[in-house]
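Trainee: Here is what each chain is made of, one letter per residue.
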Amino acid sequence: MIQAFAFYLFASVLLASAVLVISARNPVHSVLWLILGFFNAAGLMLLAGAEFIAMLLVIVYVGAVAVLFLFVVMMLNIDFAELRAGFARYLPFGILLALVLAVEMIFAVGAWNAGSIDMAQRIAPIASDVPNIKAIGALLYTQYLFVFEGAGLVLLVALIGAIVLTHRERAGVRPQNISEQVKRRPQDAVRNIDQPVGQGVKL
Amino acid sequence: MSYVESLTLTLPELVLTIGALVLLLVAGWAGDKATRAISWASVLLLFVAGLTLNCGQGVAFGGQYQADAFAAFSKVLIYFAAGASILIAPRFFQLADGSHVGLRAEYPILILLACVGMGMMVSAGDMMSLYVGLELNSLAAYVLASFMRSDSRSAEAGLKYFVLGALASGILLYGISLVYGFTGTTSFAGIAKAYGEGMSMGKLFGLVFVFSGLAFKVSAVPFHMWTPDVYEGAPTPVTTFFASAPKVAAMGMGVRLAVEAMGSAADQWQQIVIFAALASTVLGGVAAINQTNIKRLLAYSSINNVGFALIGLAAGTKEGIAAVLTYLAVYVVMTIGSFVCVLQMRDAEGRPVENISALAGLSRSRPGLAAAFAVFMFSLAGIPPLFGFWPKFLVFDAAVAVGLLPLAAVGIATSVIGAFYYIKVVKIIYFDEPASDAMIPASTLVETGLMTATALAVSPLGYLAIPILATLSGRAAGALF
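Those sequence lines, one after another, are chains U and R.
Take 1 as the starting number for the first sequence in the working numbering and just add one per residue.
Take 1 as the starting number for the second sequence in the working numbering and just add one per residue.
Please keep in mind that the hints were generated in silico from the structure rather than gathered at the bench.
We put the CB at the ideal spot given by N, CA and C, even for glycine.
Heads up, some of the hints might be wrong.
As the list claims (entries may be wrong) - A short, non-exhaustive set of chain R residues, derived as facing chain U with CB atoms under 8 Å: (1) 146; (2) 356; (3) 357.
As the list claims (entries may be wrong) - Here are some chain R residues the structure puts well away from chain U; computed CB gaps all over 10 Å: (4) 60; (5) 64; (6) 117; (7) 126; (8) 264; (9) 287; (10) 401.
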């Protein structure tokens, strides 16, 4: 009972926020609706028993991708009115794309109803008593440790590459040098003078 | 198998990875002042990693990684080529952009990390480790190609390489996913078992896509288009690296995949390999004729040579694979030698020149360099007294032994066509009137030493190495069957 209730709640909110993403006038609102959509999709994944994907959705999509969208939308000065200007002109092409998508969906459902193709024969059986986070973790850090570390090195190379190709020393910047600031003594910076009345201060 | 045993088997990669990380910290701390020390330390690391190849053979991490004679043979070539590309770099970068900034410390570190990736490629026992190794190598290569970022040609080379390389990775990955989908496994042993049970449309498509991706990485025709542009634009030491180490790695990976994973589908991939071999030798021979830039010429020469090496793979026998390995060994030495010669081409102000016409009259101004250049050109052409002839003979021999007579005949014909442009370079060096802007002698001790050693190795003296080379390559090829 509670599952059915949760499903209809998540599903209806997801659909509603998806519609609002494309119909909201303000792009910032669109991104916020998108984040709500991701959260509800994560809820649906939890109901389906895929808690790892649910967490990925929240961490990766909400935490990183959507926030990135938000930054892009707010930082770049994009004229959305201009972007929407060609709507009528591109409508036929859009309809064509929508038709292709619809045909693909019909095919997919048809193929699914016709039974799976001869793929699944050799796939290892899924142990039902192990939670999938635990199963993925165990595989990542045992059997696939080598590949996992290799993927880490790939990311490191990407990091080095980005710095090598973009970092340049600029002359004339005045960065804060904390150790110099800390080392500065009062007697170097402060001077006590006995200032007579009626004369200017000599600096 | 315990972690300790697995880690012992992966010791070469471990040494390079930890070494690269430590050197990265040193570079971060000491800045570009430490580049010279870091370069030498990297070469030392490559040497140590080469020594650890002796540490044992076996399968590590549940079949993800295989340490065998084949991997060891390829890795020795890779480490040698990488070490040479590190050693020749500092002087080039100092003179190249005129600002005398010199080499930045990330260059040797990126090469070390690329070597880790190439090591993963040649010892892969699973599609996953193969792909991760390939990406590690390619990503480092994209950065290296645009290492001289103020130079527009270098930036263009990096961008071009990145876009096309990403496309090829996508093709390869699509093939891998098809193979996984239709065989249910990513391990080479499992794939071999599934392909042994007979061919289906899905498996065939997977095989074709995987081989297309591999053909891109070895720059075999019809996936060669990036090669001349990238080789021309990239800084010359980086081009040296591209033409040698990743070629060996990609070829080794392709051979292992073809024999170990898809050996039972040999008559399917043989067609692809034969076509790629023929097309590469023909295009590499014909398209190089009109080139005026020496780096472009050597790029077409590398396409041509990859075609010859593929002839050995097309034979598919143990002798054929041994011939491929011998070919790669000699090819790496010849390529490094000829690129070191190219590095010596500088105008009066010390800036690098790449026009072939600038070589005119070199025999009078610098007879030693001219002789070395001639040796490499004749050897690349495969003219008998020089050692470049021997591996060509071996691949043709292997092809004839399995009845691929037409393939060998076309190969021999195209090698005659290819000889034309190699000999043209020699003719310019020895018989043309000297150009007005004389080249200044700028070679360092390291470059002279490297040039002399490689020239001696491909000279007729190289024939003394045949027994050792034959034993080693035979043992390496035997590890796959």
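Trainee: Give a verdict on every hint.
Mentor: Each hint tested on the structure:
1. Interface restraint check: residue 146 of chain R against chain U, minimum CB-CB distance 6 Å, threshold 8 Å, status holds.
2. Hint status for residue 356 of chain R relative to chain U: violated, with the closest Cβ pair at about 31 Å, above 8 Å.
3. Interface hint status for residue 357 of chain R: violated, as the beta-carbon distance to the closest one in chain U is roughly 33 Å, over 8 Å.
4. Some Cβ of chain U comes within 10 Å of the Cβ of residue 60 of chain R; the nearest lies about 7 Å off, and the non-interface call is violated.
5. Distance check on residue 64 of chain R: its Cβ comes as close as 5 Å (rounded) to a Cβ of chain U, failing to clear the 10 Å threshold; non-interface status is violated.
6. Distance to chain U contradicts residue 117 of chain R as a non-interface residue, since its nearest Cβ pair spans about 8 Å, not more than 10 Å.
7. The Cβ of residue 126 of chain R does not lie farther than 10 Å from every Cβ of chain U; its closest approach is about 8 Å, which violates its non-interface assignment.
8. The non-interface label for residue 264 of chain R is consistent with chain U: the shortest C-beta to C-beta separation is roughly 16 Å, beyond 10 Å.
9. With a least CB separation of 31 Å from chain U, residue 287 of chain R remains clear of the 10 Å interface cut-off, as annotated.
10. No beta-carbon of chain U comes within 10 Å of the beta-carbon of residue 401 of chain R; the shortest separation is about 36 Å.
Comparing the model with each earlier hint shows violations of hints 2, 3, 4, 5, 6 and 7; every other hint is respected.
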